[in-house]
Amino acid sequence: MLAYLTKRLVASLVILLGVSVVTFGLTFMIPADPVAMIAGRNSTPEIREQIRHQLGLDRPLPERYVRYLGRLVQGDLGKSYARKSDVGELIASRLPPTLLLMLAAVIAELLIGLPAGIYAASRRGRVSDKTAMTLSFISVSTPQFVLGLTLIYVFAYLLGWFPLGGYGSFSHLILPALTLGLAGGGWYSRMMRSSMIEVLRNDYIRTARAKGMPEWRVILKHGLRNAILPIVAMIGLDVGIFMSGVVVVENVFGWPGVGQLMWQAIQSLDIPIIMGVTIVAACFIVIGNLIADMISPLIDPRIALR
Amino acid sequence: MGGFWKRFRRDRLAVFGLVIIAILVGAALLAPWLAPYDPSEQFFDGLTLEGAPLPPGERFWFGTDTNGRDQFSRLLYGARTSLLIGIVANGIAVLIGTTLGLVAGYVRGVLGAAIMRLTDLMMAFPALLLAIALAAILKPGLNIVILVIALVNWVQIARVIYTETVGLSQREYIEAARAMGAGTARILLRHLLPHLVPTIIVYATLGIATTVLLESMLSFLGRGVQPPTPAWGMMIFESQSYFLNAPWLVFIPGAAILILALAFNLVGDGLRDVLDPTQRGRG
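Read top to bottom, the protein sequences are chains A and B.
Just so you know, the first sequence maps onto residues 1 to 306 in our numbering.
Just so you know, the second sequence maps onto residues 1001 to 1283 in our numbering.
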């Protein structure tokens, strides 16, 4: 177990190193010359050379990368163009609302996906199964900004059940969490259905049925316990999918998190923030995958440790 | 082939999806003839006296947008953007993914390991954020959007093709082909690739749905194709602030994106049931 964990941990660190190489490489593709931007149009070559030296741009590439990596490790993501403040601090201050939204979205997608999948598996091949699976296709085909705006129009504007947007109370959380989680719910319902169908083929299920156990008990007691195992491990992977979704959802709902920060940075082309959020998101994904890798063998001993 | 069509036809949802795709492709191709107006023309009578967009009506079937342009015409031309990007960007992604997956799965060794570590690395980035970062650095436009989407979308198919190729490579007929002196290129193209065609078709179809959604998100964030080219996501982006007064400006293009993505998902799922031998006979 320890060897397995060490191996996964090392692999994660290598990936994070790779992420830093990619983001370092991306900064070279930025067409604007930082020296010209700082020095201004009327600067002499000597001043430009001086600034180049101060920024460390006259150093060889490997050295510049090591310095860049050193800053990243210390949590220094650079300064925002527009806000003149520290990108790391900006992101950190925006994280709590985003984490709250993601947590609510996980709960929403599980509450939608698991019952729908279990129901569809138990009614396999019938109209209700087909309907549930068609609905799941519709949910994964809906762009989140369209879903979010539609929910706002119907449930906030027409019916007035929820606020039009913003942050603060539980009722502010419902619509954005649904918007972020619905596609995942559709996805989980398909996973849950096929996992359940797989489990229901086992001999011990046949035995339980032969004993005269009611079908709903067979499904909930013997089926669910085994069918849910592969699903639980996937929750860690949702973080990555949500990191894309929050940019759209937080903008639509005026949710003051990392996604909104990213949206504003996209509109003003604030590259340090865009790169910073990308790096933080990549860290989240790597950690999420690591957690998924660690949970799977714990909850399901049949999974071999490689 | 006849058996294929017979089984595909039984999946009513997949056939429905195929019909939708045919209609939308037709609408995109015939846009210049079907569109009642120029999609960029700003009509004097396209806005109310207060300057608000017009709701759907007799003159403008799907209403007008905040600039007084005909939304139906913009929708038709927007179908061109969505389908063009969906098919071309996904086509490039499938080409890259298939090539890399095939090579990594058959050649293995250092090259194979390097390719697979690259896919691990790509998986660490959220697709939309990486696409945004690339699109923000490069100047946005049709070609860049296609390139950016292809660059972030090849990973999944590469992994699927890799897994299948590893399995196929251990078969005896590959051993036999090698024993008869077939070179690596010949084995890849003549002995492995044909067996992967069903998988490629399925993932190419499902990938178009993903691509259409990613393109719409990029264009909703203002980082997709640039005006005046109409794109569905951008039509919603432009009218977002006006949305509560003119909901048709969001609902109509939004429904178009949903229908297009859904159609490709349904057809892809139908194809998977028909083409994937491991799924055959299951409900």
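By construction, these hints were calculated from the structure, which means they are not laboratory data.
Wrong hints could be hidden among the right ones.
To be verified - Here are the simulated DSS-like pairs of lysine-lysine, each with C-alpha atoms no more than 25 Å apart in a straight line:
| id | chain 1 | residue 1 | chain 2 | residue 2 |
| --- | --- | --- | --- | --- |
| 1 | A | 79 | B | 1139 |
| 2 | A | 211 | A | 221 |
| 3 | B | 1139 | A | 130 |
Each hint, compared with the structure:
no., hint, in the structure
1, A/79 with B/1139, "holds, 22 Å"
2, A/211 with A/221, "holds, 14 Å"
3, B/1139 with A/130, "violated, 44 Å"
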